[in-house]
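Student: Sequence:
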Amino acid sequence: MTFLLAVLGAVLLIALLSVFLLWRRETRRDGDRASWSGLALPLLVVVLGGLGYLTLGYHPETAQWLSDRRELSDAARRVIQGQPPEIDNNNLSAAAFARVLQSEVVREHQTMDGWYALGLLYDQLGAPAQAEEAARQALFLEPDNDAARLLLARSLIQANEGRLTDAAEAEIQKVLEAYPQHDGAWMLQAMAASRAHRYELALRSWQALLARHGEGEAGDLLRQGKANTERQLAKARQLDDLRITVNAGDVAAGGTLFVFLRQGEQGGQPLAARRVLVERFPATVVLRREDWLQSYPADLSDLRAGARYTPAPGSSVDEAGLRVAPEPLRGSPLQAELTLGQ
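Read left to right, the sequence shown gives residues 780 to 1121 (this note's numbering).
Derived by calculation from the structure, the hints in this document are not laboratory data. It cannot be assumed that every hint is accurate.
Stated by the list, open to error - So the derived label-pair ranges between C-beta atoms look like this:
1. R915 - N1007: 30 to 38 angstroms
2. T944 - P1061: 52 to 60 angstroms
3. G861 - N939: 44 to 52 angstroms
4. T1118 - A1006: 36 to 44 angstroms
5. E1098 - Q1003: 42 to 50 angstroms
6. V1065 - E1009: 19 to 27 angstroms
7. D923 - V1065: 16 to 24 angstroms
8. Q1048 - R1016: 36 to 44 angstroms
Unchecked claim - Quick list of in silico lysine to aspartate or glutamate cross-link-like pairs, EDC-like style, CA-CA up to 20 angstroms:
9. K1014 - D1070
10. K1014 - E1069
11. K1005 - D962
12. K1014 - E979
13. K953 - E994
14. K1005 - E979
15. K1014 - D1081
16. K953 - E912
17. K1014 - D1078
18. K953 - D923
19. K1005 - E994
20. K1005 - D1029
All C-beta atoms in this analysis are idealised placements derived from N, C-alpha and C, irrespective of residue type, glycine included.
Modelling step: build the complete structure from the supplied sequences, incorporating the hints.
Tutor: Dropping the structure here:
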């Protein structure tokens, strides 16, 4: 704050001096005697301008930004050049360093190392959109950099709540094509594919890791991941293409139908849900793997299916007044038949 006031004071002093010199020159040109009272109005304008900035135009975070830039700009330039920052990490604010680093990278230092470091910071701060943009800038400068490509894939995954997307998978595959034994790429794919219920792909990834790291503590952890994926895959195959048929009596079709799964009498977020437009009743809705909002439950014996419906197409679930209380799934394969209004 002291530095900012000093800068503002210097600017006001220069402005006052300029006004004085202009006033003095004009009065001499006209042959009049210089009168200090003639300076009152311009002096008042300059002073009010300074006060207006301090009270209205001054952003409360400006002083902190200027302080951060003074303290961190040298470290940011070293990072941009691919060198360690040489600062005390215990007292370093990742958010402050990200702001300073971004300012330096954007203004004048367009390097892969700079953009990559910026992306890592945003990834650490939980800002996947900014991390993705930084990763793309890094790849633009070095298209074959596998670290930047994995950062891009991780950003796309984080933006999708940790689930693998087609775009992220494509980036991971590019890394694996160039480096078939890249453990980081295999691990990222294994975990994100599991979250996306793509268990076959996750299982292949765990197996690739175990082929090289089957011994010791690392091998035990990898086997646990593989075993969990195998359990989830077995349940997925039991629940694949689970069909829920909804009858409606005299209710007109053409609206929005929501079907969902719960376990027992539990409330809150359903295990799985799907929204469809209904052209006619009875309507059969197939729940797919991507419709699951949570992991498969340990016990499949108490799964229940429910439904809600509104005649208005494109409506939200809160507007769906016609409903069916959740009923147990039956048969093999598991299925349910519901009737609206019951």
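Student: Are the hints correct? Go through all of them and say.
Tutor: Quick rundown of the hints versus the structure:
Between R915 and N1007, the C-beta spacing of about 33 angstroms keeps the proposed range 30 to 38 angstroms intact. For the pair T944 and P1061, the supplied restraint of 52 to 60 angstroms is violated, since their beta-carbon distance comes to about 34 angstroms. For the hinted restraint 44 to 52 angstroms between G861 and N939, the CB-CB distance of approximately 31 angstroms leaves it violated. One distance hint, 36 to 44 angstroms for the beta-carbon pair T1118 and A1006, holds here, with the actual separation near 41 angstroms.
A hinted range of 42 to 50 angstroms holds for the C-beta pair E1098 and Q1003, which are about 44 angstroms apart. A beta carbon spacing of about 24 angstroms between V1065 and E1009 agrees with the range 19 to 27 angstroms that was offered as a hint. Range check, D923 to V1065: Cβ separation about 42 angstroms, and the 16 to 24 angstroms hint is violated. At about 24 angstroms, the CB distance of Q1048 to R1016 disagrees with the hint of 36 to 44 angstroms.
Between K1014 and D1070 the CA atoms are separated by roughly 15 angstroms; this keeps the pair inside 20 angstroms, and the hint holds. In summary, the hint linking K1014 to E1069 is supported, as the alpha carbons are separated by about 14 angstroms, within the 20 angstroms threshold. This hinted pair checks out: K1005 and D962 have alpha carbons roughly 15 angstroms apart, not beyond 20 angstroms. A C-alpha spacing of about 12 angstroms is found between K1014 and E979, which places the hinted pair at or below 20 angstroms, so the restraint holds.
Taken as a hint, the K953 and E994 pair is broken in the structure, with Cα atoms around 28 angstroms apart against an allowance of 20 angstroms. Our distance criterion of 20 angstroms between C-alpha atoms is met by K1005 and E979, whose separation comes to about 11 angstroms. Between K1014 and D1081 the alpha-carbon distance is near 14 angstroms, which keeps this suggested pair within the 20 angstroms criterion. About 19 angstroms separates the Cα atoms of K953 and E912, which keeps this hinted pair within 20 angstroms; it holds.
Taking the CA atoms of K1014 and D1078, the gap is near 10 angstroms; set against the 20 angstroms cutoff, the hint holds. Of the pairs offered as hints, the one joining K953 and D923 holds, with about 9 angstroms between alpha carbons and a cut-off of 20 angstroms not exceeded. A threshold of 20 angstroms between alpha carbons decides the hint, and for K1005 with E994 the separation of about 14 angstroms falls inside it, so the pair holds. The suggested pairing of K1005 with D1029 is violated, with an alpha-carbon distance near 50 angstroms, which exceeds 20 angstroms.
When held up to the earlier numbered hints, the structure conflicts with 2, 3, 7, 8, 13 and 20 and fits the remainder.
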